[in-house]
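> Construct the entire structure; sequences and hints are all you get.
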Amino acid sequence: MSHFGRSGPPDISDTYSLLILNITFRTTADDLFPLFDKYGKVVDIFIPKDRRTGDSRGFAFVRYKYADEAQKAVDRLDGRVVDGREITVQFAKYGPNAERIHKGRIVESAPRSGHRSRSRSPRRRHRDDHYRDRDYRRSRSRSHDRYERDRYRGKDRDSRRRSRSRSASPDYSKGRGRGRYDDDRRSVSRSISASPARRSPSPRKSTSPRKSPPRGESPDRRSRDGRSPSRRSVSTRGRLADSRSPSPQNSDVDE
DNA sequence: GTTGAGCGTT
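Numbering-wise, the UniProt record's numbering puts 32 at position 32 of the first sequence, and it's gapless, one number per residue.
Just so you know, these hints were derived from the structure itself, not from any lab.
Cβ atoms here follow ideal geometry from the backbone N, Cα and C, with glycine treated the same way.
Treat the hints with care, since some could be wrong.
[Said to hold, decoys possible] The following label-pair restraints were derived from C-beta to C-beta distances:
(1) Arg52 - Asp14: 29 to 39 Å
(2) Lys103 - Thr53: 27 to 37 Å
(3) Pro34 - Gly54: 18 to 28 Å
(4) His3 - Phe25: 19 to 29 Å
(5) Ser13 - Arg85: 27 to 37 Å
(6) His3 - Thr24: 20 to 30 Å
(7) Pro34 - Thr88: 14 to 24 Å
(8) Thr53 - Arg85: 13 to 23 Å
The structure is reproduced here in structure tokens:
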């Protein structure tokens, strides 16, 4: 009966957004509604879900009608155990349109922030960019390392800084010593290395790693392609390009 | 079927 987020944001002009973190992946808006509604008038509740699976991401947004109620809910629900997990309730820092929020309320601040606006460094989160098939969620799952590192941050901090300086010193010198020379040499090395590496991962199956092409893409051509990637796109075109310079290309590709 | 820092939708 609760259609939160299904019709989009109903009214966020005078509403306070609260961010609920640390909630279980099975907690839904309906479960939070009675909990938050008890402390105030909840205008809308929205829980970001994954586009692939549609599961909740682990946090929800609760919009209150009044700030006092929202504050109360934060103070009362913050740290409350929901579904066996302690949830974190706090005022949202950013809005749906990536707008700044002050105390939970969206601050409608025009681009004309002043004369020092360009000096600002807006945080550009390419969250959707990784929506393709990247597990951004799992990637950050490794929180243990972070915590451990955080502990040593006090003492290691100096060490880290020095390490960086030291590392940069020799590196810089080396790079400058034979910058392009090394680069050039490496380039060739990489090329050769890449060649045998292709058939390496397929010791058992000598057939093409990918599904067999329905039309037979001429494996022969592929071999040559890797050897002399000088011009291959022109060859595909065929006539038009051929007409222009059939001599050098043909000769090169043929042998 | 799993996971755990973060800031949002038809």
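> Between Pro34 and Thr88, does the beta-carbon spacing fit 14 to 24 Å?
holds (19 Å)
> Should the hint that Lys103 and Thr53 are 27 to 37 Å apart at their CB atoms be regarded as holding?
The hint (27 to 37 Å, Cβ to Cβ) holds, given that Lys103 and Thr53 are roughly 34 Å apart.
> Starting from the range 20 to 30 Å, see whether the pair His3 and Thr24 falls in it by beta-carbon distance.
Between His3 and Thr24, where Cβ atoms are some 22 Å apart, the hint holds.
> Could you say whether the range 18 to 28 Å given as a hint is met by the Cβ separation of Pro34 and Gly54?
holds (23 Å)
> Between Thr53 and Arg85, does the C-beta distance stay in 13 to 23 Å?
holds (20 Å)
> Within 19 to 29 Å or not, the Cβ separation of His3 and Phe25?
The hint (19 to 29 Å, Cβ to Cβ) holds, given that His3 and Phe25 are roughly 21 Å apart.
> With respect to the beta-carbon atoms only, verify the hint that Arg52 and Asp14 lie 29 to 39 Å apart.
holds (35 Å)
> Could one say that the CB atoms of Ser13 and Arg85 fall in the range 27 to 37 Å?
Holds - the Cβ-Cβ distance for Ser13 and Arg85, about 33 Å, lies within 27 to 37 Å.
Of the numbered hints stated above, none is contradicted by the structure.
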